[in-house]
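2 protein chains.
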Amino acid sequence: MGPVRREQIVRATIRCLAREGYTRLTMKKVAREAGVSQGILHYYFADKRTMLAATLEAVTRDLDRRVAAAQSRTGRDPRARLRALVRACLEVAVRRPEFWVVFVEFWGEMLHDRRLRELNTAVYSRTRRLIGRLIADGARTGRFRPVDPARGAAVVLGLVDGLSLQLTFDPDAFGVAEAARFCDDALGRYLAKETP
Amino acid sequence: MGPVRREQIVRATIRCLAREGYTRLTMKKVAREAGVSQGILHYYFADKRTMLAATLEAVTRDLDRRVAAAQSRTGRDPRARLRALVRACLEVAVRRPEFWVVFVEFWGEMLHDRRLRELNTAVYSRTRRLIGRLIADGARTGRFRPVDPARGAAVVLGLVDGLSLQLTFDPDAFGVAEAARFCDDALGRYLAKETP
Chain L
65 MGPVRREQIV RATIRCLARE GYTRLTMKKV AREAGVSQGI LHYYFADKRT MLAATLEAVT
125 RDLDRRVAAA QSRTGRDPRA RLRALVRACL EVAVRRPEFW VVFVEFWGEM LHDRRLRELN
185 TAVYSRTRRL IGRLIADGAR TGRFRPVDPA RGAAVVLGLV DGLSLQLTFD PDAFGVAEAA
245 RFCDDALGRY LAKETP
Chain S
65 MGPVRREQIV RATIRCLARE GYTRLTMKKV AREAGVSQGI LHYYFADKRT MLAATLEAVT
125 RDLDRRVAAA QSRTGRDPRA RLRALVRACL EVAVRRPEFW VVFVEFWGEM LHDRRLRELN
185 TAVYSRTRRL IGRLIADGAR TGRFRPVDPA RGAAVVLGLV DGLSLQLTFD PDAFGVAEAA
245 RFCDDALGRY LAKETP
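One line per chain: the protein sequences are L and S, in this order.
My numbering numbers the first residue of the first sequence as 65 and each following residue consecutively.
My numbering numbers the first residue of the second sequence as 65 and each following residue consecutively.
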């Protein structure tokens, strides 16, 4: 029952965060939302911060699974894999707005907490490495121009994060399909092989 | 004395936010930091949220001034003006980290507050319009390919926001000069005229 109950508490924490934010989050509210006693809750999580860290890990894992699932349908072409990654990430901003609540609430706390910051650094470094591998694949197979993988990954991740923020905060400005199209266009041109 | 004292309170609020975050912000701490009585503070600001809104307006105005100052030194070439904008924004992420604390803390609160969200929407819409005008200028004078100004602005703003996040959260990954270079490279290729 351990992992199931832990997962149930983490999902309840995400719902509480989405509803009221980290400022108003209490262990008591999460226990009620998860349908467990406060004793059980404290068995799994020492405090609010530990719970916040667990929500970041949960939404990051979920996002990774979505990207992997989308890429598994595209075959091996690096351009198609990059498009699938962009699309899966931007869709999360619209379909699972509570994920972006977790990111933003986590960032707010992490600015004042070294350990949370280290966790975020680990997530970003790993994400840039994954994207960097895709860029290197594309360069090796002649689909992309040769770009330094770490820099290219910072550009891809930056654009996807920045457009996700705009989709989250201002959903009337443009839709997710449109955002995916102009993101693909921008990244396609960025990575396109130079005309000889 | 009115505007001066108000400005002094807003700057004190930004310092308190940077030090402890919005969760731990109190009117009492801000009054002490600003060196005013709580009565004076309440004369200018009804509550924490009004103060948070004022900090967003203040850092946005400051950022606009930095961009305008940087662009005033480049002349009229749209490419140089875009480079100046990118550089000024990314530098703020490194030199004035408290500005990004304000953005992130504001976003966290705004997810649970309609009026704060409207303020953010207004700031983003205005920023996209300004960048859109620069893109339209570039297309008209033949420096950029014809890009829909609103979409192009979303891409530029998205990339600058996303890279600023990475500079803020993970300052060891790359420096501001390097970020400015690969951001210019990506936007230059995105807006470059197609080879006939």
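Fair warning: there could be bad hints in the mix.
Simulated restraints on C-beta separations [said to hold, decoys possible]:
1) S:Pro-67 <-> L:Asp-128: 31 to 39 Å
2) L:Asp-248 <-> S:Thr-138: 42 to 50 Å
3) S:Arg-190 <-> L:Gly-66: 23 to 31 Å
4) S:Glu-71 <-> L:Asp-248: 41 to 49 Å
5) S:Ser-189 <-> L:Thr-138: 28 to 36 Å
6) S:Ser-136 <-> L:Arg-75: 22 to 30 Å
7) S:Glu-84 <-> L:Asp-128: 40 to 48 Å
8) L:Ala-256 <-> S:Asp-126: 32 to 40 Å
9) L:Arg-88 <-> S:Asp-128: 31 to 39 Å
10) S:Arg-179 <-> L:Asp-126: 45 to 53 Å
Okay, the calculated bits of chain L under chain S, using three or more residues with CB under 8 Å as the criterion [unchecked claim]:
11) 96 to 104
12) 112 to 123
13) 171 to 183
14) 187 to 199
These are computed hints drawn from the structure, not numbers from a lab.
Please read these numbers as outputs of a predicted model, since none were measured by experiment.
All C-beta atoms in this analysis are idealised placements derived from N, C-alpha and C, irrespective of residue type, glycine included.
Would you list, in rising numerical order, the hints stated earlier that this structure does not obey? Hints 1, 2, 3, 6, 7, 10, 11 and 12 contradicted; others consistent.
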